[in-house]
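Protein chains: 2
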Amino acid sequence: MSLVVCKFGGTSVASPERIKMVANKLIAKKKAGDDVVAVVSAMGKTTDELVGLANALNTNPPARELDRLLSTGEQVSMTLLAMALEAQGYHAMSFTGRQAGIRTDGTHNKAKIVSVRSDRIMETVDKGIIPVIAGFQGIDDNDDMTTLGRGGSDTTAVAVAWGIKADVCEIYSDVEGVFTADPRVCPRAKKLDQISYDDMLELAGAGAGVLQMRAVEFARKWNVVIHSRSAFSDAEGTYIKEAPDMEEAVITGIAHDTSEVKVTIRGVPDMSGVAAKLFSALASNQVSVDMIIQNVSESGITDISFTCPGGDLPRARETVERIVPTINARTYIVDEDIAKVSLVGTGMKSSPGVAAKAFETLGQNDINILAISTSPIRLSVVVDAAQAAQAVQCLHSAFGLDSDSVFVETQLSAEEIAAKMNKGR
Amino acid sequence: MSLVVCKFGGTSVASPERIKMVANKLIAKKKAGDDVVAVVSAMGKTTDELVGLANALNTNPPARELDRLLSTGEQVSMTLLAMALEAQGYHAMSFTGRQAGIRTDGTHNKAKIVSVRSDRIMETVDKGIIPVIAGFQGIDDNDDMTTLGRGGSDTTAVAVAWGIKADVCEIYSDVEGVFTADPRVCPRAKKLDQISYDDMLELAGAGAGVLQMRAVEFARKWNVVIHSRSAFSDAEGTYIKEAPDMEEAVITGIAHDTSEVKVTIRGVPDMSGVAAKLFSALASNQVSVDMIIQNVSESGITDISFTCPGGDLPRARETVERIVPTINARTYIVDEDIAKVSLVGTGMKSSPGVAAKAFETLGQNDINILAISTSPIRLSVVVDAAQAAQAVQCLHSAFGLDSDSVFVETQLSAEEIAAKMNKGR
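Chains A and B, in that order, give the protein sequences. With positions in the first sequence counted from 1, the corresponding number in our numbering is that position plus 9. With positions in the second sequence counted from 1, the corresponding number in our numbering is that position plus 9.
Worth flagging that the hints you see were computed from the coordinates, not collected in a lab. Errors might be hidden in some of the hints.
It does not matter which identical chain is used: a pair holds within one copy or between any two.
Below, a list of computed lysine-lysine pairs in the DSBU-like style, where the Cα atoms sit at most 35 angstroms apart [said to hold, decoys possible]:
id	residue 1	residue 2
1	K54	K29
2	K29	K286
3	K121	K366
4	K286	K39
5	K200	K286
6	K39	K366
7	K366	K38
8	K200	K358
9	K34	K54
10	K358	K40
11	K54	K230
12	K366	K34
13	K136	K358
14	K119	K136
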């Protein structure tokens with residue numbers, strides 16, 4: 010008998026029918042003898058619709074009001090799930106973030122959890138009642154509703170699991186768990202039975218969309234075991250935990266990310282201070298620069314490239330256009346058709362040959378490397394977007410990750426999954 | 010300079026455009042030097058939609074969960090109104106029932122207000138910020154959201170007005186105020202400048218839909234001045250207040266109500282205990298009996314009729330069908346096409362000729378009286394529904410209530426107004 014937190018995202022509660030499925034999942038666990046605590050996101054597109062209403066009245070809505078408005082989405086889904094459980098004869102009670110004891114700082118729209126008081130939740134569990142908690146929200150010292158920003162519901166689930174000392178925090182989504190690569194791109198990808206927090210963070214940071222980084226960071230800090238699994242099957246998913254018994258794979262998985270863009274400034278005088286001028290201007294204009302590439306100087310003139318998220322491109326263009334004349338550069342070009350492919354593995358630290366093997370593999374496959382960046386447990390290369398799938402596949406084979414069998418798709422189409430992976434709270 | 014509570018119903022905030030209109034009304038008051046506090050209902054059909062969602066999951070949803078679900082409607086409208094005010098450069102903050110300090114008992118779905126703590130609202134007003142309060146909701150001793158049931162938002166407004174010692178509680182709706190009769194039925198009806206709480210309560214109880222009785226009862230108890238007025242014009246409406254200087258009109262107004270039905274049990278043995286058996290059975294089956302008519306007995310056999318709300322008819326039928334054989338009555342018939350027409354006036358108490366004059370007037374107009382009931386300040390008659398308008402008009406003339414001019418309709422159609430008058434919270 011375990012105490013389990015079960016978090017369901019927006020697609021899992023998108024309709025009354027899906028909410029009934031979620032209720033059945035919780036009931037099955039209860040019948041198996043576990044105590045369960047549910048955490049839910051808002052139904053399907055609710056949040057987008059609420060943002061639309063707000064923007065119809067105020068193009069820059071006050072953060073406090075927006076938080077309260079958005080928080081209604083989870084209040085709806087939590088009460089509906091409680092009703093669905095009651096309809097099946099299982100006692101359930103819904104709780105807002107405030108009622109669940111989730112206190113945050115006052116940074117509306119991206120509040121940070123400062124404490125979790127679990128008394129009321131545990132009293133409820135002890136009475137045999139299933140608590141259903143609104144994800145994504147908390148209360149600040151002004152007694153005002155706050156929201157936690159992107160990944161908020163996953164973070165709520167991990168925080169609650171920590172607060173009530175749950176055995177595991179199950180995060181249900183439309184994918185079966187964490188894979189060695191995206192199965193839609195690499196059909197021989199394998200589901201991992203377990204992965205360390207560090208590897209998971211690097212994979213998530215490099216584009217793997219299964220879990221929100223913030224929730225994983227919270228889990229690592231407080232040592233909460235996460236079980237990432239599918240809402241649409243009963244198969245075991247992937248455990249994310251600190252595991253001393255875990256064999257340190259050189260490469261745990263390969264992530265790819267097509268959301269970045271590359272900007273190249275041409276004909277830059279190779280003088281000290283020029284790069285500083287460019288990058289401090291980008292930073293002060295809120296452009297998140299990821300990689301930087303500076304070519305070898307020829308006769309005092311060079312090119313500087315950098316990559317940044319596609320969403321930052323308008324600000325990047327604006328900055329670069331302003332800076333190019335002031336540094337006497339010739340011009341700039343933007344390449345949106347790039348992909349970042351990242352090898353992640355804690356074991357990489359003690360295996361110096363990874364980079365060489367990766368470059369060799371890509372070279373043999375005629376894949377041109379446009380940029381490189383590394384961390385102690387990650388190696389990322391930028392390639393043409395058109396070659397991204399091929400790059401993932403050949404690296405996946407070269408590092409011995411291929412499964413014997415080809416992954417079987419879930420019932421959702423790739424487009425549906427892709428759409429879901431790119432949002433969620 | 011006054012302190013004014015302004016309450017806007019669901020139709021007034023049904024769309025972003027209407028919410029902007031409401032914001033402009035509040036701003037105009039603010040510009041005129043008043044301090045304003047807004048109270049809002051949920052947007053348009055929101056509540057019905059939420060009930061529909063709940064019923065899709067549970068045909069008998071738990072009251073606590075339903076309250077939380079329904080309360081999200083007002084959370085949405087209050088934040089949107091605050092955003093609309095901010096967009097125009099006026100500071101505003103929304104407050105849930107809990108944040109506004111409205112404490113209730115724990116009777117979910119029809120909670121009663123037990124106290125109002127106005128500190129936070131008044132601090133907000135004192136800072137020059139417009140508070141926007143969610144109507145219809147409060148918090149109970151378990152820290153759970155409650156809703157106040159029908160007429161709840163009007164009651165919230167009156168309770169807040171009392172709590173902050175406002176000069177007046179303005180209740181905006183689609184009608185211009187309280188009329189001597191329904192202008193759609195009686196074109197010579199006049200808008201009243203003021204009316205006493207007692208007269209207003211009798212009119213509301215007799216079918217006049219402008220204000221919720223419960224809010225008027227609260228206002229009478231705590232002496233809160235209500236100003237019932239139109240959300241779609243700037244004209245003064247009707248003040249509801251205790252006014253010693255008010256001339257006690259014999260008849261203040263005439264209400265009509267077509268929602269009741271009449272049930273007649275035929276061939277009842279005229280024996281003691283028979284009526285008691287019938288009406289106690291009806292009472293225990295939650296049928297709200299309004300009027301009772303027993304015909305003169307002929308040879309020990311009589312007829313008994315009663316009226317009740319149309320919504321109680323299924324339960325009334327079920328009861329009567331069960332009782333008819335046990336009291337050896339012959340049969341029963343149901344008449345749904347009836348109307349109750351009520352004369353209301355505090356001055357009636359000291360004018361004994363009202364009933365005689367009313368019966369005479371109806372007789373001269375060939376209107377048959379099916380039943381009669383009275384209170385010290387009300388005389389109600391039941392007539393055929395087809396003659397209801399004629400009855401209202403001839404009584405309106407006979408008691409000198411006719412206006413010189415014919416009422417000009419608001420921009421809403423009669424159907425729209427009728428639909429609105431029959432609901433609202």
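>> For each hint given before, does the structure comply? Return the numbers of the non-compliant ones in rising order.
In response: 2, 3, 4, 5, 6, 7, 10, 12 and 13
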